[in-house]
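S.K.: This note's numbering numbers the first residue of the sequence shown as 1 and each following residue consecutively.
Hints listed in this document are in silico derivations from the structure and should not be mistaken for laboratory results. A virtual CB, placed ideally from N, CA and C, is assigned to each residue, including glycine. Incorrect hints may have been included.
No more than 25 Å apart at the CA atoms, straight line, and that leaves these computed lysine-lysine pairs for BS3-like [claimed, not checked]:
{"#": "1", "residue 1": "59", "residue 2": "92"}
{"#": "2", "residue 1": "23", "residue 2": "55"}
{"#": "3", "residue 1": "23", "residue 2": "86"}
{"#": "4", "residue 1": "73", "residue 2": "86"}
{"#": "5", "residue 1": "41", "residue 2": "23"}
{"#": "6", "residue 1": "92", "residue 2": "40"}
{"#": "7", "residue 1": "73", "residue 2": "92"}
{"#": "8", "residue 1": "41", "residue 2": "73"}
{"#": "9", "residue 1": "40", "residue 2": "59"}
{"#": "10", "residue 1": "23", "residue 2": "73"}
{"#": "11", "residue 1": "40", "residue 2": "73"}
{"#": "12", "residue 1": "86", "residue 2": "41"}
{"#": "13", "residue 1": "86", "residue 2": "55"}
{"#": "14", "residue 1": "41", "residue 2": "59"}
{"#": "15", "residue 1": "55", "residue 2": "92"}
{"#": "16", "residue 1": "55", "residue 2": "73"}
{"#": "17", "residue 1": "41", "residue 2": "92"}
DEER-style ranges, computed between Cβ atoms [to be verified]:
{"#": "18", "residue 1": "43", "residue 2": "134", "range": "34 to 40 Å"}
{"#": "19", "residue 1": "137", "residue 2": "25", "range": "18 to 24 Å"}
{"#": "20", "residue 1": "94", "residue 2": "137", "range": "22 to 28 Å"}
{"#": "21", "residue 1": "20", "residue 2": "43", "range": "32 to 38 Å"}
{"#": "22", "residue 1": "80", "residue 2": "134", "range": "17 to 23 Å"}
{"#": "23", "residue 1": "41", "residue 2": "126", "range": "20 to 26 Å"}
{"#": "24", "residue 1": "41", "residue 2": "127", "range": "28 to 34 Å"}
{"#": "25", "residue 1": "10", "residue 2": "125", "range": "31 to 37 Å"}
{"#": "26", "residue 1": "93", "residue 2": "127", "range": "19 to 25 Å"}
{"#": "27", "residue 1": "44", "residue 2": "133", "range": "34 to 40 Å"}
{"#": "28", "residue 1": "6", "residue 2": "42", "range": "19 to 25 Å"}
{"#": "29", "residue 1": "80", "residue 2": "44", "range": "41 to 47 Å"}
{"#": "30", "residue 1": "7", "residue 2": "43", "range": "32 to 38 Å"}
{"#": "31", "residue 1": "70", "residue 2": "25", "range": "34 to 40 Å"}
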Amino acid sequence: ILNLHDVGTVIVYGDIVIDGNTKYINPSANNSVGFIALGKKDDNGIAHGGTITIKGSAKNIAGSFFAPGENGKIVIEGGANSLIVKGVFAAKTFELNKRTGGVPGVTNDGDNLGNIATGNYNVAILYDPRLQNNPPPGFKYGNVSIFQGESLYERGEP
């Protein structure tokens, strides 16, 4: 488990692979962690977007995930586990691969999951307002969120 706390951002010139669980160790809304996959730089030194892959072994993911640019992609791999994501994904392309086999329904690990805890879902993505209320660095430019205006990435300032 990757325990998340405080406010911060992991920025990678390349791809990000999550092969386990991530969780906020303190449920305070002040905690907000982001992951940005810029991709590899081309010959001109420009990154055109990376891939964020959630492996099939992951069961619970928390955080904000951004794969900017024309090649930016989020991949949720198949697997034998159900997946609960509490956060936000942003990318140009998404690959949501159905999890196969005897996938159990989601389980409540102490968080309020509402009515989904009784269903048999392969993947449940729950919006987490942390990004809006307390964005991690790089997810906000000035007073304008990247989802409402120009990002640092678009300005060439990663």
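S.K.: Kindly indicate which numbered hints from before are broken by the structure, ordering the numbers from low to high.
M.R.: The structure conflicts with hints 5, 9, 12, 14, 22, 23, 25, 28, although it agrees with all the remaining ones.
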